[in-house]
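Enquirer: Note that the sequence shown covers residues -26 to -1, 1 to 316 in mature numbering (1 follows the signal peptide of the UniProt record, and there is no 0).
To be clear, the hints were calculated from the coordinates, so they are not data collected in a lab. Among the clues, some could well be false.
Claimed, not checked - Below 27 Å or equal to it, Euclidean Cα-Cα: the simulated DSS-like pairs (lysine-lysine) are:
hint, residue 1, residue 2
1, Lys131, Lys275
2, Lys152, Lys130
3, Lys288, Lys275
4, Lys130, Lys288
5, Lys131, Lys316
6, Lys93, Lys143
7, Lys222, Lys190
8, Lys288, Lys226
9, Lys288, Lys152
10, Lys143, Lys130
11, Lys43, Lys316
12, Lys227, Lys130
13, Lys168, Lys143
14, Lys93, Lys43
15, Lys143, Lys43
16, Lys152, Lys190
17, Lys275, Lys4
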Amino acid sequence: MKKTMKKAVMAVVAATLALSPVSVFAEEPKEVTIGIAWPSLGTQAWSAMADYLRWYVEDYNAENEVQVKLIETTAGDDAAAQETQIRDLLNQDVDVVVSGAIDTTAIWSSITETHDAGKKFISFCRRLTPGGPEADSTVGPDTYDTAYVSVDAAIKKMIADGIPAEEIKIVRVQGDLKDQNAVRYGEGCEAAVKDNGATIVADIECNWSVETLMNKLAPTLQANTDANMIFTPNEDLMLGVQSVLEGKELWKKSDEEGHIYLAAAGGCEIGLNMIQEGYLDATGYENLPQVSTNTVDVAVKLALGEEADDFFVKSEPITQENIQPLLDENHFWVYDYAERTK
């Protein structure tokens, strides 16, 4: 009787196993495909963010059951090309589209197309123009904060150097105002100026072009002879400022008479070098590798059906006074990146 019962139980178990293989054998690792529509990779910042993202995916795949696959495109800063590339990514059945929008309004159509396909959309490093379809998550530096901490540090240095706040006159350089990042940089600058009792005497929209900035800055300074500080929303543009000031014999170090105070944003190699050389008074340091790694984490969550909030990386001011200890502790991603890519 016992043998009969044992055989019956074993038969039931065998039948259950045959019908339920998933309960016995481990599931195949889940693969998440992320389609990335880069705007361009022509600057140190964008190239670094792309590489740090790829390196993080390699580490992620080695440590997790979920495996991440990347499909990448680059649009050469052409919004129409980016729209086509996002459509191509959707045709390749990516789970999540990650896009650094070239035009933060034109990208609305791609977001709609992504959602219509049942996929998720992450806006990478770019806040979208309000009023249209929303990204499932936005990941990037807090550009308002970046500008604020930089301009705030530079103004406070001017006040410490004996310049009354009401005599601080600032030329605010702005990027492309179709880009919400550029708008937020400008707003952060304006808030720091207001909070410190200083004044913006002129605005220059340069569409992120050094040449355009140079063409506009010279006449702006001529029309505003009391301007004693210039803010640029990235450090590449500071090269244009340097060229114009050199032409006017005003490119001077901070301890030299006639120095025009300078504040920037980014924390890339150009800016860090200018600070160490004594020309740039402050920059807002953006931790771009953190932006890249968080983008992957958010994309995986969204692909697996989980909720994911926006993630904005706060900035810190880098000045001539605090840079050396940070260099000593290898704080800056630009030097790590140079070492890893040499």
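Enquirer: Honestly, which of those hints from before does the structure not fit?
Expert: Hints 1, 2, 5, 6, 8 and 15 not satisfied by this model.
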